[in-house]
Amino acid sequence: MATEQPKPATEDPKIDLFEDNDEFEEFILDDGFLADCLTLNIEREFSMNLDLDSITDEFYAVIILGSATEDSRQEKMKHNDTLLPSTVKNKERRSAILVKLKHQKKVEKRKNAKVREADEKRALELGEELPLKKIPRTIENTREIDDTICKPDDEELFAGNDADEFSSILKQDFTPKILITTSRFNSTRGPAFITDLLSVIPNAHYYKRGTYDLKKIVEYAKNKDFTSLIVVHTNRREPDALLIIGLPDGPTAHFKLSRLVLRKDLKNHGNPTSHEPELVLTNFSTRLGHRVGRMIQSLFPQVPNFRGRRVVTFHNQRDFIFFRHHRYIFETKESKQAESKGKNSKDGKEAKSKEKVIARLQECGPRFTMKLISLQHGTFDTKGGEYEWVHKPEMDTSRRRFFL
Amino acid sequence: MPRTTKVESPSCPPFRALTTDVLGLVKVIETRGEQSGAAAKVVERWGDPDSSKSVVSASILDREKDPLLGVARKSGLIDVISVINGDLRHSIPNVCQDGTRPEDDPIVGLHLFKKQRSESSTRSCTSLTCTTKGYVRIESFEESKSPADSIRDPSPTSWNVCGSGNILCSNVEENENYALFGGKGVEVNVWDLQKCTKIWTAKSPPRNSLDIFTPMWFTSTTFLSKDDHRKFVAGTSCHQVRLYDISAQRRPVMSFDFRETPIKAVVEDLDGHTVYIGNGSGDLASVDIRAGKLLGCFIGKCSGSIRSLARHPELPIIASCGLDSYLRIWDIHSRQLLSAVFLKQHLTNVVFDSHFRTQDAAGSAPEPLDVNEVPCQDEDDEAMTTKRKKTSKGHGDSRSKKKKSRKTSKED
Numbered sequence: 239m240a241t242e243q244p245k246p247a248t249e250d251p252k253i254d255l256f257e258d259n260d261e262f263e264e265f266i267l268d269d270g271f272l273a274d275c276l277t278l279n280i281e282r283e284f285s286m287n288l289d290l291d292s293i294t295d296e297f298y299a300v301i302i303l304g305s306a307t308e309d310s311r312q313e314k315m316k317h318n319d320t321l322l323p324s325t326v327k328n329k330e331r332r333s334a335i336l337v338k339l340k341h342q343k344k345v346e347k348r349k350n351a352k353v354r355e356a357d358e359k360r361a362l363e364l365g366e367e368l369p370l371k372k373i374p375r376t377i378e379n380t381r382e383i384d385d386t387i388c389k390p391d392d393e394e395l396f397a398g399n400d401a402d403e404f405s406s407i408l409k410q411d412f413t414p415k416i417l418i419t420t421s422r423f424n425s426t427r428g429p430a431f432i433t434d435l436l437s438v439i440p441n442a443h444y445y446k447r448g449t450y451d452l453k454k455i456v457e458y459a460k461n462k463d464f465t466s467l468i469v470v471h472t473n474r475r476e477p478d479a480l481l482i483i484g485l486p487d488g489p490t491a492h493f494k495l496s497r498l499v500l501r502k503d504l505k506n507h508g509n510p511t512s513h514e515p516e517l518v519l520t521n522f523s524t525r526l527g528h529r530v531g532r533m534i535q536s537l538f539p540q541v542p543n544f545r546g547r548r549v550v551t552f553h554n555q556r557d558f559i560f561f562r563h564h565r566y567i568f569e570t571k572e573s574k575q576a577e578s579k580g581k582n583s584k585d586g587k588e589a590k591s592k593e594k595v596i597a598r599l600q601e602c603g604p605r606f607t608m609k610l611i612s613l614q615h616g617t618f619d620t621k622g623g624e625y626e627w628v629h630k631p632e633m634d635t636s637r638r639r640f641f642l
Numbered sequence: 006m007p008r009t010t011k012v013e014s015p016s017c018p019p020f021r022a023l024t025t026d027v028l029g030l031v032k033v034i035e036t037r038g039e040q041s042g043a044a045a046k047v048v049e050r051w052g053d054p055d056s057s058k059s060v061v062s063a064s065i066l067d068r069e070k071d072p073l074l075g076v077a078r079k080s081g082l083i084d085v086i087s088v089i090n091g092d093l094r095h096s097i098p099n100v101c102q103d104g105t106r107p108e109d110d111p112i113v114g115l116h117l118f119k120k121q122r123s124e125s126s127t128r129s130c131t132s133l134t135c136t137t138k139g140y141v142r143i144e145s146f147e148e149s150k151s152p153a154d155s156i157r158d159p160s161p162t163s164w165n166v167c168g169s170g171n172i173l174c175s176n177v178e179e180n181e182n183y184a185l186f187g188g189k190g191v192e193v194n195v196w197d198l199q200k201c202t203k204i205w206t207a208k209s210p211p212r213n214s215l216d217i218f219t220p221m222w223f224t225s226t227t228f229l230s231k232d233d234h235r236k237f238v239a240g241t242s243c244h245q246v247r248l249y250d251i252s253a254q255r256r257p258v259m260s261f262d263f264r265e266t267p268i269k270a271v272v273e274d275l276d277g278h279t280v281y282i283g284n285g286s287g288d289l290a291s292v293d294i295r296a297g298k299l300l301g302c303f304i305g306k307c308s309g310s311i312r313s314l315a316r317h318p319e320l321p322i323i324a325s326c327g328l329d330s331y332l333r334i335w336d337i338h339s340r341q342l343l344s345a346v347f348l349k350q351h352l353t354n355v356v357f358d359s360h361f362r363t364q365d366a367a368g369s370a371p372e373p374l375d376v377n378e379v380p381c382q383d384e385d386d387e388a389m390t391t392k393r394k395k396t397s398k399g400h401g402d403s404r405s406k407k408k409k410s411r412k413t414s415k416e417d
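Chains as they are written, first to last, in our numbering: chain A, 239 to 642; chain B, 6 to 417.
These are computed hints drawn from the structure, not numbers from a lab.
Each statement offered as a hint is correct.
In silico BS3-like pairs for lysine-lysine, Cα to Cα no more than 27 angstroms straight-line:
#1 K306(B) x K389(A)
#2 K630(A) x K298(B)
#3 K372(A) x K352(A)
#4 K58(B) x K389(A)
#5 K189(B) x K79(B)
Generate the whole structure from the sequences, applying the supplied hints.
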């Protein structure tokens with residue numbers, strides 16, 4: 239039954255065209271080579287497992303009508319209302335279509351936004367509840383589910399925290415003492431960055447690198463009771479990487495530095511004081527992120543001086559850690575919204591001035607971004623050491639997969 | 006060129022593995038495999054998280070009846086627990102040399118002997134422990150009422166393996182006559198366990214043209230096959246895998262370089278010429294050691310150092326665990342990842358329980374376990390074998406042949 243049906247359907251157009259359009263007939267019947275190419279094309283598509291009915295239709299349509307690709311495109315157009323720009327081969331026409339498409343989308347978006355705003359305003363004025371706001375889809379929202387995310391009630395996590403290398407510092411048995419040094423060749427921006435770092439991290443000391451081996455430096459630092467060692471590595475006259483080594487046998491974290499803005503290059507920057515800063519660590523959600531967060535926490539003193547109004551932020555987003563250093567001040571602001579609408583007050587609302595307390599921030603200190611390249615178990619030993627986490631390209635399986 | 010198409014790998018066969026970690030926990034991971042897509046998951050967790058009890062080495066007595074897992078902890082304590090239900094059988098407090106504290110001389114290797122050394126038929130087990138400074142002790146202990154009061158052998162055999170340097174790896178071969186030790190500054194030695202003498206020491210390969218002396222640093226070893234104690238493979242900290250043959254020469258017979266970090270784990274395959282190596286940055290590969298050829302790498306997002314590998318005695322799967330806190334199961338032939346389980350801590354050892362059988366009815370799964378707890382008698386042997394789905398009688402028979410009582414030949 240299936241084989242009989244297409245035949246009568248295609249019998250008719252065949253006869254019609256032969257009667258009506260002589261040119262088509264000539265075009266096809268003379269050009270056997272084109273017919274062969276077209277059959278080859280159909281056979282290739284057939285081998286790609288298309289369903290039989292559409293193939294047989296297209297086969298007859300191709301041979302008889304003679305212009306295969308345009309027809310299939312027209313058929314596609316019948317199915318979709320919009321023309322896919324990628325099917326147009328002509329670059330000028332294609333870009334023109336794209337421009338039109340973009341403009342259309344922009345106009346639609348603006349229209350929707352206006353409608354939304356009007357709805358909201360109306361709801362506010364009438365006192366109704368606001369229409370539900372749609373949540374935009376972001377990469378952070380659609381992050382791949384990770385088994386390694388720390389759960390809040392995990393006793394193994396707490397036990398692991400007690401057992402790790404930073405617990406003694408975080409429990410305030412020791413005060414952090416940081417040794418900062420550089421790679422062998424220091425550069426143009428390096429010294430300025432180091433002076434900025436010295437002002438950010440309390441109880442930090444800078445020693446010149448000289449020609450010491452890093453393993454020897456680790457030993458010397460252990461002898462002098464340092465709790466951490468930071469090495470600023472420069473490449474092409476720019477500080478490039480940060481190596482944070484916990485002592486005595488703490489892990490070694492290798493970060494890549496980027497987007498460094500020194501204090502003097504910030505507009506309206508403030509000068510930090512020497513009070514102990516508050517530390518803000520956000521979004522370190524996985525076990526690895528937790529460990530890195532604790533490592534950063536062990537660099538700073540555990541008792542912040544809130545009166546000093548100084549805050550250091552390490553914000554993790556998409557595996558990039560953003561460092562910011564601010565001074566803040568609390569101010570009371572009178573919101574004057576009722577006064578401005580005084581003449582148009584509806585429903586007999588009293589004109590009252592609401593006082594809000596807000597915090598104003600002033601950025602001081604450097605601004606940079608870090609990305610974890612590897613976390614090594616034990617102090618610095620690239621050859622003989624074992625890695626807890628090292629980034630490998632095979633791990634980047636999806637854009638929504640993050641490790642920190 | 007790397008594979009561009011996805012190879013169809015078989016789904017994960019049912020297995021049971023035990024892992025130990027730095028908080029002293031022993032976790033049991035099982036997958037039933039009957040239901041399609043059944044993922045491996047942690048079914049039991051033995052122990053309390055305590056970092057002073059962090060596990061350093063583990064050894065499994067993989068047998069039908071009463072399989073035991075020996076676990077050596079950082080505090081010098083050795084716990085022998087039952088694989089089926091986690092009961093503590095023996096607990097040996099301090100196996101170090103008298104006079105040294107366990108923290109100064111931690112245990113590096115542990116091996117539980119399958120064959121009983123003494124004639125006693127009561128439940129006893131013999132263990133070989135090796136510490137970092139080279140103190141090796143063979144001791145047997147018998148079960149008593151409470152695990153902590155295990156009756157210890159009054160005169161254990163003990164000797165020193167090396168004068169200086171640190172032992173990092175130790176293995177006992179399948180017939181338990183010979184043992185192998187190697188470490189940092191310690192060349193690989195083979196000792197005869199009956200006579201407690203060193204029968205062979207390795208010699209380092211000839212110096213390179215720069216005449217630089219690098220001290221020997223072996224990080225992992227394994228015997229190559231079950232029947233031959235003469236060939237073994239050692240991995241060094243300089244990312245080299247070496248095949249030694251006792252009967253041929255003292256220098257390595259074949260040497261193979263693999264990537265750039267120390268080779269942390271080596272395990273041999275059943276065919277006697279393939280070894281699987283895992284290194285410090287999480288790369289796992291299979292190598293044909295006769296020819297010194299890399300057969301292929303196991304790619305599967307392993308980002309932390311591989312601390313331990315285990316090859317299942319029957320199924321073609323291999324387990325790897327390490328510092329990234331994942332237990333991964335790989336298929337040997339297609340080198341694909343079959344399953345990965347996140348276990349929250351740095352893992353130190355993994356072993357397979359090869360006598361795990363899945364049952365069709367859910368109710369019958371715990372039955373073999375109950376039978377095992379009953380004190381061993383002959384009737385129970387038959388009862389157990391009839392309840393097992395897969396006939397492992399052949400396997401059991403070959404093992405019972407080996408369980409001959411050995412003469413006490415401790416003294417020289």
